[in-house]
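Trainee: Sequence:
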Amino acid sequence: MKYCSVCNEKFDDAISFCPKDGEVLEEDPSSLIGNVLDGQYQIEGVLGKGGMGAVYRARHILLGDRVAIKVLPPEMRGNTEWLRRFQREGQAARRFRHPNAVTVYDLRTSGDGTIYLVIHERAQCRACNGCRASRSQA
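This note's numbering puts the last residue of the sequence shown at 152; the count rises by one with no breaks.
Since the hints were made in silico from the structure, they are not lab data.
Fair warning: there could be bad hints in the mix.
Label-pair restraints from in silico Cβ distances [claimed, not checked]:
id, residue 1, residue 2, range
1, Arg-80, Asp-26, 30 to 36 Å
2, Ala-106, Ala-28, 33 to 39 Å
3, Ala-107, Ile-75, 20 to 26 Å
4, Leu-77, Asp-27, 18 to 24 Å
5, Gly-92, Asp-26, 16 to 22 Å
6, Pro-113, Cys-21, 38 to 44 Å
7, Ser-30, Val-60, 43 to 49 Å
8, Arg-98, Asn-22, 26 to 32 Å
9, Asn-114, Asp-79, 28 to 34 Å
10, Pro-33, Asp-79, 23 to 29 Å
11, Ile-75, Phe-110, 41 to 47 Å
12, Arg-109, Pro-33, 41 to 47 Å
13, Leu-61, Asn-22, 16 to 22 Å
14, Glu-89, Arg-109, 27 to 33 Å
Within a straight-line C-alpha distance of at most 30 Å, the following computed DSS-like cross-link-like pairs (lysine-lysine) qualify [as the list claims (entries may be wrong)]:
id, residue 1, residue 2
15, Lys-63, Lys-24
16, Lys-63, Lys-34
17, Lys-24, Lys-34
All of these numbers come straight from a predicted model, not from anything done at the bench.
C-beta atoms are modelled at their ideal positions from N, C-alpha and C, and glycine is treated no differently.
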């Protein structure tokens, strides 16, 4: 399933451009929910979406660990520049150590060609939610 980021309509995978506004259609992030990635990670939900892909909440099937999975969009897999940027992002994040930074566990390509990062899922603390709420009221 694909969707238009402008009008948020969903379309069949066979369509490449939005018939309403002509925008290039993107892979619908919610289409991975419920799938098992690479035989190891059960995709449970969408955490967010950015310019270099969607981030999903997942669970390692055998170990039970909660992780975040960042997936490079399928339309970018054939673009060597985007692929290099995604790899550099994973490598840089893996080397960077700080209490407020995420930990990258792995950079993988699944059997079906999905390119993804496995990242430590940081639980949101109630204090952070309270800070955000008070900042938005200020």
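Trainee: Now tell me if each hint is right for this structure.
Mentor: Hint check results:
1. Arg-80 <-> Asp-26: 30 to 36 Å: 33 Å, holds
2. Ala-106 <-> Ala-28: 33 to 39 Å: Once the Cβ atoms are compared, 37 Å apart, the range 33 to 39 Å for Ala-28 and Ala-106 holds.
3. Ala-107 <-> Ile-75: 20 to 26 Å: 24 Å, holds
4. Leu-77 <-> Asp-27: 18 to 24 Å: Because 32 Å falls outside the window, the suggested range is violated.
5. Gly-92 <-> Asp-26: 16 to 22 Å: Since Gly-92 and Asp-26 have Cβ atoms about 21 Å apart, the given range 16 to 22 Å holds.
6. Pro-113 <-> Cys-21: 38 to 44 Å: Cβ of Pro-113 to Cβ of Cys-21: about 41 Å, so the range 38 to 44 Å holds.
7. Ser-30 <-> Val-60: 43 to 49 Å: Roughly 22 Å apart at Cβ, these two residues miss the hinted range, so it is violated.
8. Arg-98 <-> Asn-22: 26 to 32 Å: 30 Å, holds
9. Asn-114 <-> Asp-79: 28 to 34 Å: 21 Å, violated
10. Pro-33 <-> Asp-79: 23 to 29 Å: 42 Å, violated
11. Ile-75 <-> Phe-110: 41 to 47 Å: 28 Å, violated
12. Arg-109 <-> Pro-33: 41 to 47 Å: This hint holds: roughly 45 Å between Cβ atoms.
13. Leu-61 <-> Asn-22: 16 to 22 Å: 18 Å, holds
14. Glu-89 <-> Arg-109: 27 to 33 Å: For Arg-109 against Glu-89, whose Cβ atoms are near 28 Å apart, the range 27 to 33 Å holds.
15. Lys-63 <-> Lys-24: 16 Å, holds
16. Lys-63 <-> Lys-34: Holds: Lys-63 and Lys-34 sit about 22 Å apart, inside 30 Å.
17. Lys-24 <-> Lys-34: Roughly 11 Å separates the two Cα atoms, so the pair holds.
Going down the numbered hints, you'll see the structure goes against 4, 7, 9, 10, 11, while the others check out.
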